[in-house]
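**Student:** One-letter residues, chain by chain:
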Amino acid sequence: DTIKVGVIGTMSGPYALFGKNFKMGIDAWVAENGTKVGGHDVEFIYRDEESPNPAKSKAIAQELIVKDKVQYLAGAYFTPNAMAIAPLLEESKTPLVVMNAATSSIVEKSPYIVRTSFTMWQNTVPAAKTATKNGAKKVAIAVSDYGPGIDAEAAFKKTFEADGGAVVEAIRIPLATTDFSPIMQRIKNSGADTIFTFLPSGPPTLGFVKAYLDNGLKVAGVKLMSTGDVVTEPDLPNIGDPGIGILSTYHYSVSHASPENASFLAQIKKGGGNVDEVTMTSVAAYDGARLIYKMIEATAGQRDPVKAIAAVKDMTWVSPRGPVSIDPATRHIRQNVYLREVAKVDGKLINREIQTFDAQPDWALSKE
Amino acid sequence: MPAAPLEVNNLSAGYGATRIIDGISLSVRAGDRLAVLGRNGMGKTTLLVTLMGLTTRHGGDIRIGDRDVTATRTSARAGLGLGYVPQTRDIFASLTVEENLRTGLKGRPATALDEAYEMFPRLRERRGNYGKQLSGGEQQMLAMARTLLGRPSILLLDEPLEGLAPVICDELMVMLTRLADSGEVTIVLVEQQIERALAFADSVVVMERGRVSWSGAPQALTADRALVDRLVGVGIH
Amino acid sequence: MRIVLSIATDALAYGMVLFIISIGLSIMMGLMRVVNLAHGAFAMIGGYLASYAIRDLNAPYGLAILIAVIGAIVVSIPFEALLYRRIYRKSDPLIQVLMTIGITFVIIGVVNYIFGPSLKSIPLPNALSGPLDIGFRMVPTHRVFVIACGLITALLLWLLIEKTEFGIKLRASVDHSDMADALGIRTEIIYAVTFALAIGLGAFGGVVGAEILPIEPFYALRYMVTFLVVVSVGGAGSITGALSASLLLGLADTTGKYLAPEFGEFFFYLTVIIIVFLFPRGLFGRSHA
Amino acid sequence: MTELFKARNISLAFGGLRVAQDVSFKLAAGDRVALIGPNGAGKTTLVNLMTGDLAPGNGRFTMAGDDITGFSIAERVRRGLVRTFQTTRLFQTLTVADNVALAIMQRRRITRRVFSAATERPDVRAEWLEILALLGLDRLAYRQVVELAYGQQRLIELAIGLALHPKVLLLDEPAAGVPHDEAPKILEAIDRLPPDIAVLMIEHDMDLVFKFAKRVLVLAAGRLIFEGAPSDVTADHEVRRAYLGSYADARSAS
Amino acid sequence: MSDSATPAPPRGLPMIPEASGALAIIGLGAIGYFLFPDDLAFLTRLIGITLLVLSLDLVTGYCGVATLGHAAQFGVAAYAAGIACVRGVTDPIALLGVGLVAGTMMGLISGALITRFRGLPQLVLSIAVGQLVAALANKLSWLTGGSDGLSGITPGKVFGLYGFDMYSRTAFLFSLGVLLIVFVVLSRFVRSPFGLMCRGIKDDDLRARMIGVSIYPRLVVMYGVSGAVAGLGGALTAISTGVVGLDSVSFERSAEVLVMLVLGGAGHLWGALAGALIFQIFEHIVAAANPFHWMMLVGLLLIGIVVFAPRGLIAPVMALATRLARKGDA
Ligand SMILES: Nc1ncnc2c1ncn2[C@@H]1O[C@H](COP(=O)(O)OP(=O)(O)OP(=O)(O)O)[C@@H](O)[C@H]1O
Ligand SMILES: Nc1ncnc2c1ncn2[C@@H]1O[C@H](COP(=O)(O)OP(=O)(O)OP(=O)(O)O)[C@@H](O)[C@H]1O
Ligand SMILES: [Mg+2]
Ligand SMILES: [Mg+2]
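Line by line, the protein sequences are chains A, B, C, D and E. Going by my numbering, the first residue of the first sequence is number 136, and it counts up by one from there. Going by my numbering, the first residue of the second sequence is number 36, and it counts up by one from there. Going by my numbering, the first residue of the third sequence is number 817, and it counts up by one from there. Going by my numbering, the first residue of the fourth sequence is number 9, and it counts up by one from there. Going by my numbering, the first residue of the fifth sequence is number 11, and it counts up by one from there.
One chain only, chain A, in its complex shape (with noise of 0.2 Å):
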């Protein structure tokens, strides 16, 4: 028999970089572990879901479980889609494996979601330490106007007020901008010796780290400070040397140094992908289909979601990322986040690796 998974990705679009990811991220598995799982064929089926769309991720994911009878979903980039999603999977019995929507509260929304990829809360506060540490007094937060973007400020500024900082300026740039001109120029004049941003990898983070080089920001002493997203690996040729030295904080990078993370990138290259192009997502795929198979082994085939997430809840293991585990309290996954640094490293720019946040919550999720 085929047991069949319904990947939900942004194939096409803007985004289709991450979805591609999703596969290159999931083939790196198969590649190494096999179509078969305890005398079970294991099939993925890929459907895109193109942008935030939740009618039509909906009805994929529903024509997924209705009409090609999968077991698992997995995939959903973007956070209404997912939330689209969720109401079918206890009806349905199916379990969500998120690989990449970021916003806390979807695995609240049905006990069958588990993430593997990371949150907001997750990736910044580590950021806000850092400030602290480095001597930032008055910080410029600017980001993104949506709801990753929303919960990075909110935990950037939880923290960093804790300790004692003080955020000068707080900017929500809509997600259509790519001149941030303007931006700077405000951030120049409130002051701040240290800018945190988020914004979604893509045309506007190269924009955003352009336009704080360009409008003499850096040449002023204005440090820069983000989550990993502004700088992800197939930015940074864009980015080019003057980006020397950017910090920002991360769950991945590509040039973490580990034998899990060489193997991973050189199955990737084996199966034609290319290493320029991997991102955080083809990570989170890979590790969502670890769970996906260990699921598919404990149910023997079957489909009983409960005995499925039963069996990932508390998962221990060590990704390309670095050791993770799952939390079984809110079934996302916990994990080093890391204090990295934009630096060239023969002849290629890379984010190297300078200190570590041993296994990091979602911080807004959990009790600790």
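Since the hints were made in silico from the structure, they are not lab data. Ideal Cβ positions, reconstructed from N, Cα and C, are used throughout, including at glycine. Warning: the hint list may mix true and false statements.
Simulated restraints on C-beta separations [to be verified]:
1. 931(C) / 397(A): 24 to 30 Å
2. 258(B) / 138(D): 26 to 32 Å
3. 153(B) / 943(C): 31 to 37 Å
4. 50(B) / 169(E): 31 to 37 Å
Partial chain E-side listing against chain D, Cβ under 8 Å, derived [claimed, not checked]:
5. 199
6. 204
7. 209
8. 213
9. 220
10. 221
11. 298
Anything over 12 Å on all C-beta distances counts as not near chain D; from chain E, calculated [what the hints assert, rightly or not]:
12. 47
13. 177
14. 188
15. 207
16. 208
17. 225
18. 318
19. 327
Go by the hints and put chains B, C, D and E with the ligands onto chain A.
**Tutor:** For chains B, C, D and E with the ligands alone, kept in the frame of chain A given last:
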């Protein structure tokens, strides 16, 4: 360019698949003046437009001088000396009067514009105005002048007197007669002012439902009002 | 005062980028009456070619611009010959929208396939990169370059369209293509040349504007609305219109971003509405007959 | 006779060009007036001013004693001021019948109805059939207007005008493009109108003007230079020179 | 004088349009329900969008108003229905009513702004109004859920009997019923004197004014009707999906439905119906077959339509029908 003869052989054409003119043959000698008469909707305009190559041709052929132009592109026909003044005038609305005239120059120097202004002094006064601001009659003058500036050897006129004041009609007819007399141009005139058309032409065809229903000398019609009435008049249709 | 100057500087630079990219579309919409929603797609092709020329062929910036402009025109030729010709004359604008959206999708698909889904930068020469001190603040050097390019483009185009025989023939062909033909104007050539001009301008804008509107496969759709709005507000086909609309909208956008960024496009579109109500024919529209 | 329409001291200039200069006239019930004058004299512009398409720089219009200068186009039409266009303006993609039917239904205030079939309402149909038959257009009733010859389109302009049951009817060169010998059909149609309406016709076809008009207004360079009986107009030296040309001679000869 | 007999109106399809419309929709619905029972979620979504396309046809096809902001009516109604549901109004019929009212209001507002102008200014205003609504939907995230979407919409049973399930049977039949009623009502509406006058205004608005029509109020009313239809579509989508996202007010949505309309043939309800069905089914099939490069195929479809059926898909069918009818007369 000296006047050229025009030969049309068994020409059929229309708009898309709809056939409007059906097997028309005409022969106009160089320097001749042919008047085309007929009631509304009989295909006069369609005939002229087909000569310019702007409809779907279903059959037959067209010759200018000794050249077969049946398959020639519209702009090239203009290059061969065919000049057309449409019934709807087709003024370039967003060009000024002067710019409109310049489109008709066909490579002649801009000083030639004075010819047009002499022909219609009214246009000189309005030279800086946009085409769409002109009165109906002014547009008619402009359309005529624009085509004449290109010194056509065959001139196709579709109701050129429509909307012109009687004095201007007089002047225009005088001018057209002078042009034709000079032997520089062959004229095909579609006109509803039958008396003026008959006085001007040296041969006449009457069209009915896309065919030539009568042809002959203008005198035959001038003399016989009843015949005119039957052919183009208020008869039953 | 400093703030005002500062905003004005940013607005001018942003406005000029909008202008350079939109003017090709303005010509296409105003003079050829083709609502070419694929304009951004050709600008994007220009951007990709320039990026490829600089990063993979090590071409200097100036040469890369040339390659981009000529390359985009060459790519556009089959589109012109096979597709655009069908929608030039008298065609319903809705049909034009349909066709040009289709062309956009196809170009996006092909570009995505060839160059991959990630963003492509166009590295600047040293002389144009980094900040430039203009007294009261630092501005990106590149912006100064863009402003100069914008002004020169505007002037040359104005001369071409308003003052030359070509401009007259073009406008005549658009008003009444049959009549223009009947006067001996080779309208199909006029159209082809103008099309190439519009595409070339788009590609040029795509390259020099890439710092603000970065080149990626969805460029063509992402900025479609912005270009359309700039052209319509300015009045299609008018150089001065496009220029003033770009500057005004650039100002609205920059001011909004500076003073209340969280409102996003709100002020931009509010300004659009106000301008339309004040100038119902576009700022300097070529009103169509 | 009751005065239906009055123009008082109307002036308008386009930039430097003064197209109406202090024009005043009256139209009374039963009037049949021809407005003639050289090309570009301002005749069409005057009609545009009367219908509200243009606003005068100066002067007032009154209809049945009410000042209508500030009224919208539609409002004036509803009061019975109806025009035809020199260059045809029709509903091009609709059929001939629909064009006339719309005018009829608008007049009868039934175009606001949202739930009844339109053109084929028996009462409406009877009316458009009659009008089209009068102008010899009935065979074309179900043809799309775009497909018609220009001369036929001109007659539809008139048909729409008639369908609106005007009190004051302004005809801008209704016979242009209609064969000279068929033009009387237009007069015939006008003759069928109720006798108490006023008709103002702009026309360059002098035969038609003389058959039609009981009074002639001559406009030149935006000024009314003559007002009087048709028989007097050919005698007026100025009018002969500026406008009539050989026609005057032909007419005085006959 | 003419001696010809009084002209006979050209004969149309053998049945009156309302009946043929109803039959076609029931037929298509039956095909969907019985032959594609696993695709009902998709078909339900399709019906919601189809209503938006029909609504767009009213203003674009019948009034000639060019708009790239029509999703505003749809989205506002979807949000209104969604918010009402989240706050306790769970009866689906009542939610439809909420959508209808919200859509109508939004339609009247947009119409009042947009139809004052023609041409490009009109187009750009429609974009601006649409984008303002989108910016507001994002800004008012306490009400709309912002970019996370408005979730948790769980409508009650239809007539208290049929609940919404995962297989979308109820949702599909419910939507189909709404579409049926709307289509029949609109068939009648567009042939009414009011509808015919709108077509006249589209052809030549000065001519319309010159027969005494005040066009502005009429266009605004038409926009209101159009908003009502779009509102039903939005409410249906909210009810059947259970989430409302920013996509429902987005520019992309507006552009997409315009493409569908033109593809089918603007100015015919059948064209709107055909365009909506064909585009969405085609997109659905190619997107499933090739999730990575389906866009290119859709692009090729659009180009193909312009090349082979430049007046939309429905025009050749209509021409054929007329030809057959004329032949029948002869
Ligand atoms: N674009 C068109 N498409 C289809 N049929 C047309 C078109 N233009 C004209 N016709 C038809 O062709 C026939 C001949 O039209 P044409 O314009 O040649 O007549 P005409 O003799 O010039 O009439 P008029 O004196 O009124 O100008 C008419 O029956 C008309 O309905
Ligand atoms: N919008 C405008 N701007 C500038 N000039 C205009 C405008 N409209 C009309 N004119 C000018 O006003 C004058 C009067 O035009 P009008 O159309 O009233 O003339 P007319 O008496 O009807 O002439 P015709 O008999 O030729 O139709 C013309 O010279 C015309 O060029
Ligand atoms: Mg004709
Ligand atoms: Mg006039």
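**Student:** Now tell me if each hint is right for this structure.
**Tutor:** Hints, verified against the model:
Residue 931(C) and residue 397(A) have their C-beta atoms about 28 Å apart, which keeps the hinted 24 to 30 Å range intact. About 39 Å separates the C-beta atoms of residue 258(B) and residue 138(D), a value inconsistent with the hinted range of 26 to 32 Å. Between residue 153(B) and residue 943(C) the beta carbon distance is about 59 Å. The supplied range of 31 to 37 Å is therefore violated. In this structure the hint that residue 50(B) and residue 169(E) lie 31 to 37 Å apart at CB is violated, the actual value being about 56 Å.
The criterion of a C-beta within 8 Å of any C-beta in chain D is met by residue 199(E), whose closest approach is roughly 6 Å, and the hint holds. Because the beta carbon of residue 204(E) sits about 5 Å from the nearest beta carbon in chain D, less than 8 Å, this interface hint is met. The interface hint given for residue 209(E) holds, since its Cβ lies 6 Å from the closest Cβ of chain D, which is under the 8 Å cut-off. With a cut of 8 Å, the hint placing residue 213(E) at the interface with chain D holds, because the nearest CB-to-CB distance is about 4 Å.
The interface hint given for residue 220(E) holds, since its Cβ lies 6 Å from the closest Cβ of chain D, which is under the 8 Å cut-off. A least Cβ separation of about 5 Å between residue 221(E) and chain D falls short of the 8 Å threshold, and the interface hint therefore holds. Hint status for residue 298(E) relative to chain D: violated, with the closest Cβ pair at about 39 Å, above 8 Å. For residue 47(E), the non-interface assignment is confirmed: its Cβ lies about 37 Å from the closest Cβ of chain D, beyond the 12 Å cut-off.
A cut-off of 12 Å between C-beta atoms confirms that residue 177(E) is not in contact with chain D; the least separation is 38 Å. Distance check on residue 188(E): its Cβ is at least 19 Å (rounded) from any Cβ of chain D, clearing the 12 Å threshold; non-interface status holds. A beta-carbon of chain D comes within 12 Å of the beta-carbon of residue 207(E); the shortest separation is about 4 Å. Distance check on residue 208(E): its Cβ comes as close as 9 Å (rounded) to a Cβ of chain D, failing to clear the 12 Å threshold; non-interface status is violated.
With a least beta-carbon separation of about 8 Å from chain D, residue 225(E) fails to lie farther than 12 Å from that chain, contradicting its non-interface assignment. Even its closest Cβ contact with chain D, about 22 Å, leaves residue 318(E) beyond 12 Å, as expected for a residue assigned away from the interface. With a least beta-carbon separation of about 18 Å from chain D, residue 327(E) lies farther than 12 Å from that chain, consistent with its non-interface assignment.
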